[in-house]
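Asker: Residues per chain are reported as follows:
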Amino acid sequence: MKPLTTTLKYVGLVVVLVCAFVPIYWLLTTSVTSPDKIFQFQWFPTSVEWQNYVDSWASAPFATLYKNSVIVTLLGALIQVCVAILSSYAFAFLRFPAKNLVFMLFLGAMMVPGTVVLMPNFLTIAALGWVNTYAGIIVPGVGSVFAMFLLRQHMMTLPHEVTEAAKVDGANHLRVLWNVVLPMSRPMVVTVIVVAVVEKWNDFVWPLVSTSTDSMRTLPVGMLMIQDSEGFTNWGAVMASAVFIVVPVLVVFFIAQRQIIAGLTAGATKG
Amino acid sequence: MSGGDMRGWSRRGLLAAAGLGGVAALAGCGSGAFQQTVGTVPAAYRKRAHLVFWHSMGGANMAVLTELTTKFNQSQSDVFVELQFQGSYERTMQKLATAIVARQIPDLVLLSEITWRKMHLADALEPFDAYFDDELRPENYIDQFIQEGTVQGKLWWLPFARSTPLYYFNRTLFEKAGLPAAGPESWEQLKQWAPAIMRQKTKAGHAKVLALGSVYASWYLQSNIWSWGGHYSKGLEVTLDSPESVAAARFMVDFIRKDGAAYLSAKQDQDLANGICASYFGSTGGLKQAELLAKGGKYEVGTAFLPKHDGNFGCPTGGSGIGILRYAPSARKQAAWEYLKFLGRPANSAHWTVGTGYLPVVKAAQQEPELVKAAKDPNQLTALKQLPLTKPQDLVRPVVSNAGDMMDQALTKLYSSNADVADVFSRLDKQLRSRADLIRAAYDKHYH
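Taken in sequence, the protein lines are chains Y and A.
The numbers in the first sequence follow full-length UniProt numbering, run straight up by one, and end at 271.
The numbers in the second sequence follow full-length UniProt numbering, run straight up by one, and end at 448.
Everything labelled a hint here was simulated from the structure, so no lab data went into it.
Check each hint, because a few of them may be wrong.
Said to hold, decoys possible - Chain Y side only, calculated, beta carbon under 8 Å to chain A, not exhaustive: (1) Phe39; (2) Lys167; (3) Ser212; (4) Ser215; (5) Met225.
Note that beta-carbon positions come from the ideal geometry of N, C-alpha and C, so glycine has one too.
Bound conformation, chain A alone (with noise of 0.2 Å):
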């Protein structure tokens, strides 16, 4: 057995037995009752229903957070919702999947567009429907993001710091190229204006075209996959080594390699602040920080529409929604759910958008004056225009463990070497292919 075979086994073996141990534990196979993790209540509010939440809300969008929560404490006298902050989506799962397994577990907590399948797949997550009302309902929040939720006809994960990929541009130094101040509609149409693009001057010298990342790599490329014609998967079917997915990959790699038009960045924002790129993709989360950097280095950053190919669009949704545990007593989780109601008010919803920058998920939020007034700023528009296009990504990325960081890491290697696309695509598919056997029981259990 070749070293390669043995490490395969290996990682392999390892899997089924964490994934088998982690989904059993977690399904609730051990003992005792569940109990809510430690909390500190100020004085005022001893006399509440007391609920955790555990968030991965860091900076800014944390003040913003924090403020409507106090809003919602202040507003009745009921519930009283304590914030605990536990680090990135990814920390946060990690901890709440110990914590189930020691039975001291949170009422509320956000989970991003891949770790709430985890949860879901590990029967921890409460649905939603049965608590709609009069006053909020599912039609409230924007269609495919209640779909992204829902499986089997119910809805696991509510939305709440939703984004997509968008387009961000130089557009000084496109117009000084004499292009568009609209930003490319198409791959063609990009390349096509590549040389013109490369000839600019900037601080660095010559800008390229793009920047791309490898954090996410596969989040992006899932635009281009569907605008080939191609998907990650179908299903838990991975369809990597399609000719349409391998075709769309290899456009991307032929504007790197053949084209010498795009390259593989660090931070893609920075890049564009220092002249060393003219556009990347970035989250709609990132639009503040690109403003400011567009301030402090005096150009004008775009953002428009990712591009089509042959006149096909496509663009992934993203980010984050707040599910209640399952194991929670039902007192608690019909006081989560009041929160849950104060935060889909259109004018919470709209105060967090304009405070974050993620996109509204309430549908009225869009007609709020906060938000019309910060929709006067054309880049927030684009996103707000460019929303009701997207859809949740294919389910192999998500569902999967690890299956994100494995699809960066090809298209890592695909960005900065000279590696064969199909070769790299073919590989990724068989390791893909056999860590959605691992999940196949529970998969098929949840989603069938």
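Isolated chain Y (complex conformation) (with noise of 0.2 Å):
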């Protein structure tokens, strides 16, 4: 490779690197920096104020909120993934009237903005009694149209002998879908896992609308709490919050990193 393209290359890698790498940045010495320092811009600080984390976690319930958060956000992405794992196996290999009329009504949910669905959830969770309960947060997101359509897509492209032949081995659908068609696509349930586990863990105006006190809310919901709308907000502390927030998602990436790559970037070379 000639000298002058590797050089080109690698100075268009520090720039994507430095624009990731910034905020991330930012975020940790403002979570360092004393609150009447805090808009003047330093690179860095001259000196760490601890004391934004301990005011941070005094003035939010944290081991609560961390305790909500977890449950919410493995309960509902083990559920939501395995609802998209069997109604994408049903898709693109199960025969049935109206299959492709269910799969366009399914999508076309997927145009229906979040938002609009809000208050239609609210009174169902309302009436079924749900209202402050992990159910109330949890059930109406167990269905994803976008990570079904995901898996059902890399279903597709999956080669039909091999399913075939383990029919004619005498597998059933679920052996065939544990067996068969799961461990080819590991990839990508490992990308459904972690865009499930992000959503669920960043959510906030669902958690919000579906709890009402403090023993329910969620991590993003709690960052809410350190934040005062007219008045005095310590920004220190609120980027301490976040850093507590974001830590744990850092180290899942982390460890399922090469997974989510590899899943991501399956299926980008195919013509």
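Quick one: dock chain against chain with the hints and give me the complex.
Answerer: This is the structure:
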């Protein structure tokens, strides 16, 4: 490779890296800056103010918020991914009446913005007595058409011979799914899991609407408790709370990054 | 039909449907009894009347509200008030509207100067008049706050976290420019001072005279509109395209375009701290933040009354107050009143003011030692002195659905482009009129 092309490539990489890194760096430095210096731009903080983390932790019930976020994220993502796998298998491999019509209806649901269904969803969970419960937070979000669509498209690319061979060997649908289709879809499933986890972890509006008490709030809602709309907001403490929220997601990403990248780029080279 | 017409029609149609549907539903056309929304009661308070209070106070303000509420819960043995934080005023209102339709409601709710009007139009609020007794009378409160919450002779909204706009300026910079440390008295004076201010060197090079925000721009401009003899509206009749209103906005636009002395800013208080501007308009609630920034930036921040024009002064009130839900059972409403009486005690009102920066809503609070001590800060004193001169804003902004946002957007456009003031105001006038028509029936029923 020519040295000039290599240099240009590296310059490009550095630019992308800076764009991705600067906001996180800013978040971290702001979280250790004292309130009176927060709006004076400086690349390197002159002093480190851990008090923001102490204040932040004291301003909202973080232990409860963590517990709720973990429960809502794990259960929500688990159920969502299971539903997506089963439904995508059905759309990819089963034959049933009006399959395409049902599929189009599902895709149509994707076009409806979430805010439109906020009120009907709330009325439903209120009628079921689910306001301020885990079921109320989790159940309305278990069906993800996007996840189903992504998996279905991937499953359609799998060679039919393999599934047919398994059936000839006497495997039923669940066995074909578990032993043949899923192992071949691993990167895509991991992608769907990661997207679901991030979505549930960061979800703000629905947990705010479906819960009322601090004992049922999740982390993103808790972050709001530290802010003050009209008067004084300690942005250092707000940034510290953002660090509390971001760190677990970053850890998950680092653990699963190889799979995620493989999943996202799978099919990119296919014609 | 042009695209623009179509958009206009569909927006109106949608609004009409949403507005009528919402108000009808809120007015109680549904079925089934109202229940209290879910809450948590600590074991020690199980045998008491349980009240749920939805509020929007985050950060340091939440701590003060929690402190006062805990004090109330410990001060007697009949009532337990549970605070439930619901996010911003707007979110709280949306959630309240949904909760009413679902018939699972709180008992008390904190509503802004905009959102309480919507809830009043939807017949969701209980009038306070029958609850007042010797311990707490309407006269205990600052008059204009009580007037603002009163419609057709009944009080629907009890003052609590009230604020007004203030003029904040970099006193150090003003003094360096040889200008009085008290700030400008009028717009004409500020305009005259502009060249001297802009000549001063700052961290950012040179500072502009005035930073204007887009958030709540129409709340701040209300002052100018009144000083120029105009109104946003008289009742529900929009008067934005009157010569006075247009002239008021044109002055501001000229201050930006011709004098180059003002500009549209995303964060005015930070611009002051960074030497980008020499002054801005902010809420009284932002005083603590302004003083903290000044300490960090090593300059002195000053506050002054909003500037006059031709000797005329105008300043609108803002902030929030408390409403009791009409649908709550009478025993809980009475219990809620006990809590409000507690918050209305002069010592508690003073403590709230000192802890948050909101204005004292109870007259006697200003004699409380805690507030007397805090009012020694001249900046805090400015807000207290300006208070008797304030009045509730023109009704179109708080009553008409989404009016505040539309007005802020139009002003943002004026502050940041070369758009013509008369054009923008006449278009906005038309839009607001058609929106006002959508709620006219409900308005006439409640206000006439």
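Asker: Minimum Cβ distance from Ser215/Y to chain A below 8 Å?
Answerer: Cβ of Ser215/Y sits 5 Å from chain A, so the hint holds.
Asker: Return the status of the interface hint for Met225/Y: holds when the least beta-carbon distance to chain A is below 8 Å, violated otherwise.
Answerer: holds, 5 Å
Asker: Would the stated hint for Ser212/Y survive a check requiring a Cβ distance to chain A of less than 8 Å?
Answerer: It holds, given that the least Cβ distance between Ser212/Y and chain A is near 5 Å, below 8 Å.
Asker: Using the nearest Cβ pair, does Lys167/Y come within less than 8 Å of chain A?
Answerer: violated, 49 Å
Asker: With a cut-off of 8 Å, does the beta carbon of Phe39/Y approach a beta carbon of chain A closely enough for the hint to hold?
Answerer: holds, 4 Å
The structure fails hint 2 only (numbered hints given earlier).
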